[in-house]
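Colleague: This is what each chain is made of:
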Amino acid sequence: MTVHITINGKEIEAEKGKTILEVARENGIYIPTLCYHSHLHPIGSCRLCVVDIEGYPMPMAACTTPVMDGIKVHTNTGRVLKMRRQAMELILVNHPLDCPVCDKGGECRLQDLAYEFGIAEQPFHAKKPEREHVPFSTPLIRQWYDRCVLCLRCVHVCHELVGNAAIDIKETGYRSVIYPVAPERCYSCGECLSVCPVGALTEAVNPLRGRIWQIERKQTTCGQCGVGCQMEVSTYENKPVNIKTDDVTEEGPNYGSLCVRGRFFYDYVSSEERLTEPKIKKAEEWVSAGWDEAYENAIDHLREVMKAHGPDSIGFIASARLLNEDLVALFEFAKNGLNVPNVDTSSRIDLSAHGTSLTALKGASSFKDLDGLLDSDLIVIAGGDLDATAQIVANRIRVAQRLHDTKVITINSYKTRLDEISDAILTCNSGTEIPVFNGLVKAAFEGSDGVKKVSGWEDFSKQLTDYSADAVCDAAQIDREMFETAVALLKESASVSFVSGGGLGQTTEGSQKVKAFANLAVACAASGKKIGWLPVTAYANGWGALAIQTIYGGGLSYGEMIQAAKEGKIKALVVVEEDPIATLPDTSYVKEALDNLDFLMVIDLFETETVKKADLFIPSCSFMEKSGTFINMEGKKRAVNQVLDPMEKTRAVGVIFSDIAEKMKLEVELTPEVIQKKVSEILDQDGLKTEGKDALAFFQISYQATRMEENGHLFLVPTDLHYNHHYGTDEVHASAIEKLGKDPEYLINPKDAARLGVEDGSTVTIKTERGELSISPTLSDEAKEGHLVVRSHYHDTGILALFPFEMDDETKTPFTGNVLVKLQKS
Amino acid sequence: MGGVLFSCWNGKVVDNREKKPEEFEPPVDISLPADFFQGKDVKAFMGWGGFVVKDSDVSIVDLCVAFLEKVQEESCGQCIPCRIGTKVMLEIMRDIADGKGKKGDLENLKSLGETIRQSSKCTIGQTSPVPVIDAITYFKDEFEKAIEGKKKPEAEKEKPRFISKVTAPCMNACPSHLNVPRYVELIKDGRFLDSLEVIRENTCLPGVLGRVCVRPCESNCRRANVDESISIKYLKRFAADFELEKHHSPKLPMATEKKDKKVGIIGAGPAGVTCAYYLAEKGYQVTIFERFDEPGGMSAMGIPDYRLPRPILRREVEIIQSMGVEIRYNTMVGRDITMKEIRDEFDAIFIGVGAQGSSSMRVEGEDAGYKGFIPGVKYLLDINQGRDPYPEGKKVVVVGGGNVAIDCVRCSFRIGKEDVNLVYRRTKKEMPADDVEIKDAEEEEVKFHFLCNPTRIIAEDGKVVGVELIRMELGEPDESGRRRPIPVEGSEFTIDTDIIVPAIGQTIDLSFIDADTQLEVTRKNTIVIDPETMMTSVEGIFSAGDCVTGPGALVEAAGGGRTAAFRIHQYLSGEEVKRTDEELMEDFFSAIGVYDPKEDIGIIDGRERKHLKMLPPETRKYTFDEVESGFPINEAIEEADRCLRCYRIGLVAI
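Taken in sequence, the protein lines are chains A and B. Under the working numbering, the first sequence has 582 at position 567, and the numbering climbs by one with no breaks. Under the working numbering, the second sequence has 91 at position 85, and the numbering climbs by one with no breaks.
Do not rely on the hints blindly, as some may be mistaken.
[Said to hold, decoys possible] According to the in silico footprint, chain A covers these stretches of chain B (three or more CB under 8 Å from chain A):
(1) 191 to 203
(2) 311 to 322
(3) 565 to 572
(4) 601 to 608
[Unchecked claim] Here are the simulated BS3-like pairs of lysine-lysine, each with C-alpha atoms no more than 30 Å apart in a straight line:
(5) K239(B) with K33(A)
(6) K33(A) with K165(B)
(7) K109(B) with K97(A)
(8) K31(A) with K604(B)
(9) K377(B) with K453(B)
(10) K142(A) with K165(B)
(11) K108(B) with K97(A)
(12) K194(B) with K430(A)
(13) K252(B) with K430(A)
(14) K108(B) with K142(A)
[What the hints assert, rightly or not] Reference excerpt, derived from the structure (chain B facing chain A, CB under 8 Å, subset only):
(15) S328
(16) M329
(17) G612
I should point out that these hints are in silico values taken from the structure, not numbers from a laboratory. In this text, all values refer to a predicted model and were calculated from it rather than measured experimentally. Just so it is clear, CB atoms sit at the ideal spot from N, CA and C, and this is done for glycine as well.
So here's chain B without its partners, still in its complex pose:
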């Protein structure tokens, strides 16, 4: 990769045009990825914060024309400065490019651009004039020459190809790339069903994600720079609930033609059902094999009802079935059907089996088979199937700091456990679980034991009676960036308990795969896939979700399932299996970063985020009723009204 000739981003200029390559300074506030696509490098990039030029052959005037054309394509027409103003800018710019420019054009562009930037309703208008004004400022000569009819001659080399895409910080942060500003805006406008239709373009699990998503969008929300981020997750839930509560049947994208190709999917979890949905939408015949009698995989088995009521998940899966997807329940691959049978029957296979095992704590007594020692995933699975895993036990110690651990402690009260403890080796600050969940657990009076770790399980007559713990202190940060816990020698102490639930991580069980299927796996027993094709080492077998990434968020698994569906479609229709321009742009945006937590938005603050009504801790902790009730209509509209609609456009020349 060559250096950058010129960059101007957030107003910070690095000009290497007069320098020798070895003297090039790196751009400030922006860094382009080394590789755009299979070794093809970016010649120039123009976007919301400015522009970057790597190849001197690129005509800045042409770049501006291409950029403004894209702006006109994306301008939603909802405000005057952007709708008409950028059109006027585009026409002036086109005239300049065609050698028909006039004196005064550049001043007009700057003046108009400044008005559009400051007075437009949303960030398309507020950002799009920025790179054009910057270009006119720093490449003035080139524009003036063009006005005089002496534009840089059409490069003898082939003209660069422009690829552009509209994005937003929330959109790009979302693994499923939901069009957040659009669906939030539709809620603001009271068009709830239209909003849900937009949501369904990118996920078939709006009611599920609207409840349990880890919401990367909200941590990339520009409104947080003003006051607080938008409650994006609960707005999604609102749209999904509105459809249900007002008895509307879902508006679904229906396949125009049925395809004769068949796809087999292993696991009806978020990755599997999402993959199925987008394949069914394209007309494929899809069959899902699920070992339980219930859809949802880890989202059904691992998430308790008080966070995700079962009917919500069931309905969303029913919708998928209504599109023609067949689900074979109680069918465990390797037990009820062999991998070979599936490979024989289907044209492509998707594996989305999740991470359903519990990691070992590597402490004494763990493998002794004591009654009362119950791994986290098993503990939740039993509870979610309506069973108390160990009715005699009344005291519980859960080990771990993630969402599974929190689910285990909160469920414990709900099945009648009296004394509920959580042991975590670091402090609350380092806990990977969602802050909101931690707070809820605290309100429900879970006893937290921070900075300690189990060393030994104490048992009598084959039953757990206690656990020995050792105090920890925090040392230097480890590779995860969190400070490493170090045991304090001689600080051992014990807690009496009937039940120990390790919830320190999940493992992947791939034992269903037979010897004939030579699936490459990693040291951590995750499936290896080619990130470009999402295909495993076996032709025609694709995979995504926790079984590829290791235990992760539901929305990541769902996003993976969706992308895999597109790859499978490419594969089955004989196209080259690769990322689309759109996905290339998404990855490019992720590399340069779309959200700037330090950006000063410059508008008035003080519009607080709306919160959901919750059942009071003293009553909710004993029932599996959903803890939170969704937004009332008026509050959903008010919350949606806070959205800044941070759309922005990026364009690369390659």
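Only chain A is shown next, with the shape it has when bound in the complex:
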């Protein structure tokens, strides 16, 4: 609906429901603001946007006043100009004159406004309140009380978007201050820092700073997880100095939001611990080598193994965080150049379980972009604490609920932060996700006609006989009322989004779990609901890597190559920006496998555990030092732009393989143009190819219940282990990590603790067939009874060593989960 208004005499047609400020901006009419932020509900604290409307005695804030038909707005009457000026003069009472040393100098909203209003004198005075400095809610941000204008953007963003309420306004009147009221809830995501219009919050991560006129800023895609956030990297003397989002040209998928990794972990790329020289191991000692020497070494060893054992004895394992262009060069080199069949990427771990289910859902009217969450009546989240793994997704879910009253179902084996806004919290026993999904399909859709028309239903419905609500609630130990609520929500919602985290696909029976979850989506689609399907990907280019490896096809999987190495069938392995030791279960097994190799070549940025075992090391460069593309979790192509020159002599992976191919005189051409062409054959202009729709179909699920064993055993539940993969290899070198601390948390339910006689913080030993570990668990309701939850952002916990090396039958991927540990007091 439209309304007709005038602003300063100009006739304007405006959309009903918009505010005067929004309409003015759309029509190029300037109204000054300080607290207004387009991503937040209007705050109305600064009062700079006051305008007059004819016929109304009081001026009104343009940011909070909606347009009404026929109103005549004046933005520059004498009295509103006076009010704005006085408001500015009041803000400047006691505002420090430290602009020359303030981080915000040169890009400060207050500076701009003071300049605009021409405020040179200060007519007002008030005694400055004295207060002791209290550390902010995160050590990554410093708070400057005197610079704060209390616009409250930080408080609102923390409540509205992040759902944390870690900070709030405290005290009253002139003593009011932004205070860390609940620092324990702070994620250090820095949204508050990002929206601060002045220098009241400044980054306390990097001692290296640059003034606005010294730095360069360029947009790129964050390479630290699969969300694909758009961000601007500020660089100074070829080092990143901060990350901003104020002026990113493309708003989605993150709309200016970032998480702690994206915003604060950037300086690992300029870490002094970066390895910048090729190295060859001679007699157990590293010896620096020139690039040519390193290339020769690689070529000699690969040829040698090829000659002795054939191409089947060689394997390539690459990270799914590499650019599409890097990966195509690598696959071309290995598959078409060397005729090696075994080339795989870590997207196998990340996404292969989802790849098949997505195909099954193609027949549904599905959307898979993050904005689709905002159109959902219901969002079902399973297998992950999204706030830990993909906070941007969690933020979108909170926004969906605030704007559309979107309902939420959470299905996990531990408590997650999104449970706080969940309508049905199905905290199930570890490994019982399949019964829960099956039970939901049975209870909500068994009687409906829609599902009967879908192929596979007849067989699948036979499987469902065992999954009555009673049986499911009993097996999974979930609350019956919550289960019924979930069923009712599934029935009544017209559009449903499904978000699956790594806790499904990367755990025991991962492929079956994902299929069972997909069946729920299929049942919804079959019942005429609009559905969305969003697998949260850990690796920046998970979908791209999966698409590329699918096209090139064949050979052993990542896990199978390790197994084959252990069995002596693989003799040479080239590992590219991956760290199998830190990624796969059964650490000693993986180490033995690598030790078994005749030749191990590793390309990486840092000295990982795997690098330590290498015979040849070649240094590569980070996503900030090269250009190309990622396919993010939405399946969309995101541009990666080079913002830094490669550190010292490091080279991009694509360049390295093209160099070696040339030296080997292989019959593959790896020029940028050729690579570009290959990439465009595999991927669409916008992202993943979306070919014709398949018919909807139900999967048949194979499921074996794990039995709880005798007293003293707990399920070991790593929370989204692989999701934090790169914390362990690259980001762990970010200076922010030192400030945040690295210790993992082990959570045990107080009832288990009482039963087992474990006291809060006491040291205990956890033991499996594969190994043991000494830990100090914390008593917490966040752990479900019978479970020991490990929350860690890093790999040095040692828990991977406790899992056996087993692979999923379908995805051929080693998994973690459903392992019982025996807990003993030390």
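We have chain A already, so just place chain B on it with the hints.
Modeller: Below, chain B alone, put in the same frame as chain A:
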């Protein structure tokens, strides 16, 4: 009480300073109560609309300083003009009071004050400069003398004591004084659980009041002067439902230490459970005696499920029990336990038994014991306990115009009655029932018979078969302000019916009180209490709710129970049992009136109030399912966003 020397309220000035006392004109737009507290008179009052001076000894400069200090204490810090501007004003004013004022200060104060008034976000900033600007205008000499260092010497008499309080029209209208602007604002900000925490500071029944409150707040809502009042009741329901729907356990104020004193409470109705909650919060051991097997008193027995689902009430009472309150169900005082036993066991007693009897219609046949003659409260009680009070009867006539009468007719369809009638002696306009309820009943096709009254119950074989009615017309207004109905002679007619339900009023049954307990009661059989102490004529026995006030609103009973809890705490901790400064101010504000329905707010209108989704009348009238579904989150936020946050500050000098 002396006259007023000077008053300026809403810009209307009455200046008696140069007049003799007998010539004093009364103030305009404001009238101060005769007595502030136990004969102590107010020397001056400063508030949102201006100020009033009664005692010439009061220094206006000091009054302004005290007022602005309070403003700084209350300014929430959420907007710049109020947060910083009133601080600047306070410092200038302090300098003037200390003889350090400068030329030009007064002009600066006026100019800044005007900006703060017009550009602040809420009414603290929009009203607080008003009395200061008025004072500077009309007591200019006094300020100028102070600037010259010749402030009125500190009065030889003792300096007045200043008492101040922040209020809002909705807040003051609420018998439980809920901090409405705050909890509505927290909903606007998406902080629903924080909002509920604020609500619980003043009531332990948010889910109940959020559904069935008569909402005096909404009829005192300033937004109505702009367009429509805020849907305060349903926002409260929203906050309560959010906690429940998202499975959060309530954040409760927990007693820091357990007290050894015990309080016995008679009746688990709104007054009783509220009193229990606030006593438990202070650490007392509380036991409630309830004659039914169900908590809630009249809110459980008298309000049908389609308005107040039983689980909501039960949960709120469970919360109270979780704080350590014991409820002894099926325990009727006088039958299962004597008053004496209770008096022996407990250090203080609270009576909150409500008004559970039905008033007599005084018509022929009423006492004959006919089948089908069922008093309103009994009728609802049976239905709420899951029984049809008279299954054979299919036609119903309910007599009365209040909420109980409406509940009776609406319930009738829901238990399968086919022909449902309501008889009321005045017109729809005079009906005391909630307009919304009347509209809902109309939609459900209740037959209304206005301007008629029963004269005789017609029975055959001991069963009701009809009722004789007489037409009425409206005469002069009576003491309630409504026009008195007068019977039209010879206009009798009859309606066939199987059931007659009188619902014209409720009575109080105090028969449980034994002869040893000399409880003073009124002619209407309500309990007499001292309004200052809330104690009955018997030491240590307190009372509130319908049994004191006569049948009233749930929120009034709950408010009474809460206040009584504070008095009982004073009594048990050996303090003087009396109203606190805060309550004195609340009563003072009520006397002068906080809401002005004629005020022109001066801002743009047209943001309509949000309404709840309702089940359609044709399906809802046959079920006890809740008729309305609560606000979706986005609508709750939008509705809360309409709130004008009408806080204001009042300060008295005594």
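Colleague: A separate judgement is required for each hint: does it hold in the structure or not?
Modeller: Verification of the hints:
no. : hint                 : in the structure
1   : 191 to 203           : holds (count 5)
2   : 311 to 322           : violated (count 0)
3   : 565 to 572           : violated (count 0)
4   : 601 to 608           : holds (count 3)
5   : K239(B) with K33(A)  : holds (27 Å)
6   : K33(A) with K165(B)  : violated (54 Å)
7   : K109(B) with K97(A)  : holds (22 Å)
8   : K31(A) with K604(B)  : holds (29 Å)
9   : K377(B) with K453(B) : holds (23 Å)
10  : K142(A) with K165(B) : holds (27 Å)
11  : K108(B) with K97(A)  : holds (23 Å)
12  : K194(B) with K430(A) : holds (27 Å)
13  : K252(B) with K430(A) : holds (14 Å)
14  : K108(B) with K142(A) : holds (17 Å)
15  : S328                 : violated (17 Å)
16  : M329                 : violated (21 Å)
17  : G612                 : holds (5 Å)
Violated hints for the displayed structure, listed by number in ascending order: 2, 3, 6, 15, 16.
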